[in-house]
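Number of protein chains: 8
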Amino acid sequence: MSNKFRLDEVDHQILDMLIDNTRVPFTDIAKKLLISAGTVHVRVKKMEDAGIIMGSSLTLDYEKLGYSFIAYVGVFLNNTSQTKFVLERINEIPFVTVAHVTTGKFNIFCKIRAKDTKHAKDVIFMIDDIDGVYRTETMISLEESINDKKRLMHTIFKDI
Amino acid sequence: MSNKFRLDEVDHQILDMLIDNTRVPFTDIAKKLLISAGTVHVRVKKMEDAGIIMGSSLTLDYEKLGYSFIAYVGVFLNNTSQTKFVLERINEIPFVTVAHVTTGKFNIFCKIRAKDTKHAKDVIFMIDDIDGVYRTETMISLEESINDKKRLMHTIFKDI
Amino acid sequence: MSNKFRLDEVDHQILDMLIDNTRVPFTDIAKKLLISAGTVHVRVKKMEDAGIIMGSSLTLDYEKLGYSFIAYVGVFLNNTSQTKFVLERINEIPFVTVAHVTTGKFNIFCKIRAKDTKHAKDVIFMIDDIDGVYRTETMISLEESINDKKRLMHTIFKDI
Amino acid sequence: MSNKFRLDEVDHQILDMLIDNTRVPFTDIAKKLLISAGTVHVRVKKMEDAGIIMGSSLTLDYEKLGYSFIAYVGVFLNNTSQTKFVLERINEIPFVTVAHVTTGKFNIFCKIRAKDTKHAKDVIFMIDDIDGVYRTETMISLEESINDKKRLMHTIFKDI
Amino acid sequence: MSNKFRLDEVDHQILDMLIDNTRVPFTDIAKKLLISAGTVHVRVKKMEDAGIIMGSSLTLDYEKLGYSFIAYVGVFLNNTSQTKFVLERINEIPFVTVAHVTTGKFNIFCKIRAKDTKHAKDVIFMIDDIDGVYRTETMISLEESINDKKRLMHTIFKDI
Amino acid sequence: MSNKFRLDEVDHQILDMLIDNTRVPFTDIAKKLLISAGTVHVRVKKMEDAGIIMGSSLTLDYEKLGYSFIAYVGVFLNNTSQTKFVLERINEIPFVTVAHVTTGKFNIFCKIRAKDTKHAKDVIFMIDDIDGVYRTETMISLEESINDKKRLMHTIFKDI
Amino acid sequence: MSNKFRLDEVDHQILDMLIDNTRVPFTDIAKKLLISAGTVHVRVKKMEDAGIIMGSSLTLDYEKLGYSFIAYVGVFLNNTSQTKFVLERINEIPFVTVAHVTTGKFNIFCKIRAKDTKHAKDVIFMIDDIDGVYRTETMISLEESINDKKRLMHTIFKDI
Amino acid sequence: MSNKFRLDEVDHQILDMLIDNTRVPFTDIAKKLLISAGTVHVRVKKMEDAGIIMGSSLTLDYEKLGYSFIAYVGVFLNNTSQTKFVLERINEIPFVTVAHVTTGKFNIFCKIRAKDTKHAKDVIFMIDDIDGVYRTETMISLEESINDKKRLMHTIFKDI
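Protein chains in written order, with full-length UniProt numbering: chain A, 1 to 160; chain B, 1 to 160; chain C, 1 to 160; chain D, 1 to 160; chain E, 1 to 160; chain F, 1 to 160; chain G, 1 to 160; chain H, 1 to 160.
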């Protein structure tokens, strides 16, 4: 697309290092790539301004924090004109970490994290009780085996 | 649980700041919490050693990077004894960012990111062609409306 | 059936040529079939009057025109008495190219063409928002592998 | 996209006239658009060479021809690696007019036209008997209410 | 069960003959079973009075009569309290030959016979339009391969 | 259809009387229709020879005979090429009174009558154990509310 | 049924008392019913010999014992002829407390109790790995709201 | 868990004996475990006070009592906020012996016992007619093959 920001080889290598550790000092990146720390700073700033880097987040061990219950909740609406309103209500429930408007049988598809079965029931009932939600269907995760965007990121930067 | 690492109020406040920006300097955290930078360092180190902080990752705008196609793929296996083997093969496909062993009709449930419909077809076929995979069913995301674990993290730290 | 228009061998041969190229001059058809161009004209006119030939249409490459997204949308109505009304509303959406009243779980089954995922969402929401439409379910085409009525037409004319 | 052929206003108007009647003489188009017939010819040739115009087809009344039975057949494969092979076999059945590789529960989704219930059974059994086809599910059309790409074409040309 | 009418060997043999041909003269039955025609008459009368023989019906060839289209229609009600009312309305549609209150996803399950696809649509819409009917799902018969209660009847009489 | 036997008004009236009682003497029919008993005989013979009247059957009260359990069994085959073979095996089970080749999710759809839940299980297992049967799904009838082809027959004869 | 053991009013009253507390002394029952303890003993013995009283069991609080996870597991078999074999294998898994041969989509339907999600996964995989089990589908209980056969027992004894 | 009552080896052995026969005299238990009957009494009392032993119940042969029909009924609610109200209504129907709030397609999942098909229909209709119940789906048990919590109890006590 014409409006796609053009990243060059240096940008890719900077991203490739930050992906593995967002806290790596810019001077380390500079040394590795044989450029100045100022250049690293400018490049990162440019990618932030272009909206490519939207921020950074911690990867925590939710199980150690007592939040080991993961479920996917499919939401049926009474009418799709309510999609925006319902998403705003869902957005107020912090235990919903992901939500998509989807094709197929569900109107909205959410991922939730909860402490245990009882807590999951409470979260599901919060979603169920939103005006315009007609019914939900839940699928429980027995084990989160992969949760890793880094492989994708590295592939993207190799690929471009 | 008895084996749950005990975080105190200071740990929570440190995490609360890092969640919003993993690159915030420890000196800034120290100033805000009226403790020494060394203390921040020690606390973060301790949480890393305990496995609570597993790392950090960039939040990139995938659409700007040309990867705007998201789908959920439900995988049926011939036999659940193949679960581990199939997950290892799925793990070699970088376009699969999440995979769960689930209850309900699917054995494994994946989230994929692709460039477009054609690319998505290729990724789905890669999964389909793994030995032991019997069939897949795909649900397309029309819009990723929420993807935000920060609200959950803040809730957890307020809650504990 | 008694009310079925009787086509003879010459009609079939004329149709067989027009099927492959609707713009072939009647004089070419006449030469090939060893009849007069006037006869070709009369026969075609007769088949048009009988309603067998309903018209002709261009076959365009929708992908080259930026419309590469195809989906099938199953529509559930609140009540089948609304079928006619809903079909009239659907008929006002140019991105719906085919619609059937069907047996099975859907009341109406549509084929849509859109520019991309976002546009498809808009088209699906247009259908969803019609009065009397209770819910829709969408199936995305990953590849249109066959779209060819000519084989059928040739078979029909060989068969009759 | 950079490789998209650029159509100008004149091309659109030519297409707009051909869409309604592929047999309209180029001299009529020329007169209407106040250009020369040679220009019309050149433009059409250019659009054919660019692959935008792929051909033309007759619109016949299938009911009058004794082919009033329409069904959609969803095909499950044993393995998606067989998709190409099965599509080639399906392509040999003239009563299949459309076939898509799809997401959702089916691997391939076909539209068929048949003479009546008995003939439809034969066509469905032909598909079922292809090596690699594991199962099919059929949805019968009770009425083809819309089958019209002209509205879409006009919209595309107004839109571009 | 204590309230079950007791049939003896002679009754069974009489029924066994009538099952194959309801018009067989009682004198023929009498001769075959070495009893008097009066006894046959008395026995049949007794079985009619006991409600075991409820009547007799012709077996016609529906295809020859132009009614070759068979479908099964599953009916969902808004509320099961409407079951009796809806069955009375269904009973007014002569094209419904069988109707059951069922377990599983449908509330009522019907068998219909119609002239062709168009007529089937009309019959299905009649059912759909009954007050209290919320939705229907139809399954088309491609071929009625078995329709024969005589084997069952013979088995019952051998079995008792 | 050209090969459809033509029934006249008298044939209809004869059928209309026989439908209600197959044992009504031809002399009674003759008297009612003001024709000779010989004519009735000739007409009935002609309809039997033409295959329109295929026979007659008793209507028994299955509940009184201890066969009150009715179920519908949907059969999935490994391959539709086995349809004929499986139907022949099903035909050997007297408790299956109806079987159809169907569209939709099932390959074959049967109606069974059994003594009780235990017996139904045995019958379902007989079907399940036929070579080529891959799986079955059963729907229990809670009440047979309509089982009456006479209304349809009368409608047909009024209609023709 | 003729083979049904006949319980009289005294038996019912004895059962009614034992249902609420299996450990109530026979002397207490005797006093309440104004009969001798010997009679109570004889009656209970007779009901045990007739197989009506099959035993007694403790009602434990599974949550307090660390087994708070309940799920229903639907089992699909490759072939119903394996039903007996698979049930014997299932019977060796103590975490399966109930199993039924069922109609509908499942061949066998089980209730399991586990310690938590991880343990439930292990139990489900034990079932999945039995020879002849083709696939399972699991439904998680969020809350066991009713588990009480006493109301039924009292109703039965009032009813008889 | 910290709030879990601690059972020692003696408690386990006592429970292990009571599980097999709730009416076993405490003196027998005492003799077997080489402790005093008073100790048995104290231990049982303590486990009852802690809520671990909630009571005892008879195991009756429901088939001998004329209640041989078992079904599972999935209940869909109009809205999950009605869950508590509907469960209270369900609790008034003695033929419902178990009810769960569940994930997946049903809101509430019940087990019922009835006399026969007719009675089951009545029970299902009682559930269907509760305010807030939108629809039910029933699965019939053809055979209750396992119903035994004793294996689980023994496993728990061996395991702790």
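Bear in mind the hints are in silico, worked out from the structure with no lab data behind them. Treat the hints loosely; a few may be bogus.
As a list, the in silico DSSO-like pairs of lysine-lysine whose alpha-carbon atoms are at most 27 Å apart [what the hints assert, rightly or not]:
#1 K158/G x K46/H
#2 K105/D x K149/E
#3 K150/G x K115/H
#4 K158/G x K64/G
#5 K64/A x K84/G
#6 K105/G x K105/A
#7 K64/H x K84/H
#8 K150/B x K64/A
#9 K115/E x K46/F
#10 K64/B x K84/A
#11 K158/C x K115/C
#12 K118/E x K45/E
#13 K31/H x K158/H
#14 K118/H x K105/E
#15 K45/D x K158/D
#16 K118/A x K105/H
#17 K149/B x K118/G
#18 K149/F x K64/F
#19 K64/F x K115/F
#20 K118/D x K105/C
#21 K158/A x K64/A
#22 K64/G x K118/H
#23 K150/H x K118/G
#24 K115/D x K64/D
#25 K31/H x K150/H
#26 K150/E x K31/F
#27 K32/D x K158/D
#28 K45/G x K158/G
#29 K115/G x K46/H
#30 K45/E x K32/F
#31 K64/A x K105/A
#32 K149/A x K115/B
#33 K158/B x K115/B
#34 K32/F x K149/E
#35 K158/A x K118/B
#36 K149/B x K115/A
#37 K32/D x K150/C
#38 K31/H x K84/G
#39 K32/E x K115/E
#40 K84/A x K150/B
Bear in mind that the values here come from a model prediction, so they are computed numbers and not experimental data.
Each hint tested on the structure:
no. : hint            : in the structure
1   : K158/G x K46/H  : violated (35 Å)
2   : K105/D x K149/E : violated (38 Å)
3   : K150/G x K115/H : holds (17 Å)
4   : K158/G x K64/G  : violated (34 Å)
5   : K64/A x K84/G   : violated (43 Å)
6   : K105/G x K105/A : holds (20 Å)
7   : K64/H x K84/H   : violated (34 Å)
8   : K150/B x K64/A  : holds (17 Å)
9   : K115/E x K46/F  : holds (24 Å)
10  : K64/B x K84/A   : holds (23 Å)
11  : K158/C x K115/C : violated (39 Å)
12  : K118/E x K45/E  : violated (45 Å)
13  : K31/H x K158/H  : holds (21 Å)
14  : K118/H x K105/E : holds (18 Å)
15  : K45/D x K158/D  : holds (21 Å)
16  : K118/A x K105/H : holds (18 Å)
17  : K149/B x K118/G : holds (23 Å)
18  : K149/F x K64/F  : holds (21 Å)
19  : K64/F x K115/F  : holds (11 Å)
20  : K118/D x K105/C : holds (22 Å)
21  : K158/A x K64/A  : violated (34 Å)
22  : K64/G x K118/H  : violated (40 Å)
23  : K150/H x K118/G : holds (23 Å)
24  : K115/D x K64/D  : holds (11 Å)
25  : K31/H x K150/H  : holds (22 Å)
26  : K150/E x K31/F  : violated (32 Å)
27  : K32/D x K158/D  : holds (18 Å)
28  : K45/G x K158/G  : holds (21 Å)
29  : K115/G x K46/H  : holds (24 Å)
30  : K45/E x K32/F   : holds (25 Å)
31  : K64/A x K105/A  : violated (35 Å)
32  : K149/A x K115/B : holds (15 Å)
33  : K158/B x K115/B : violated (39 Å)
34  : K32/F x K149/E  : violated (32 Å)
35  : K158/A x K118/B : holds (20 Å)
36  : K149/B x K115/A : holds (15 Å)
37  : K32/D x K150/C  : violated (31 Å)
38  : K31/H x K84/G   : violated (40 Å)
39  : K32/E x K115/E  : violated (43 Å)
40  : K84/A x K150/B  : holds (21 Å)
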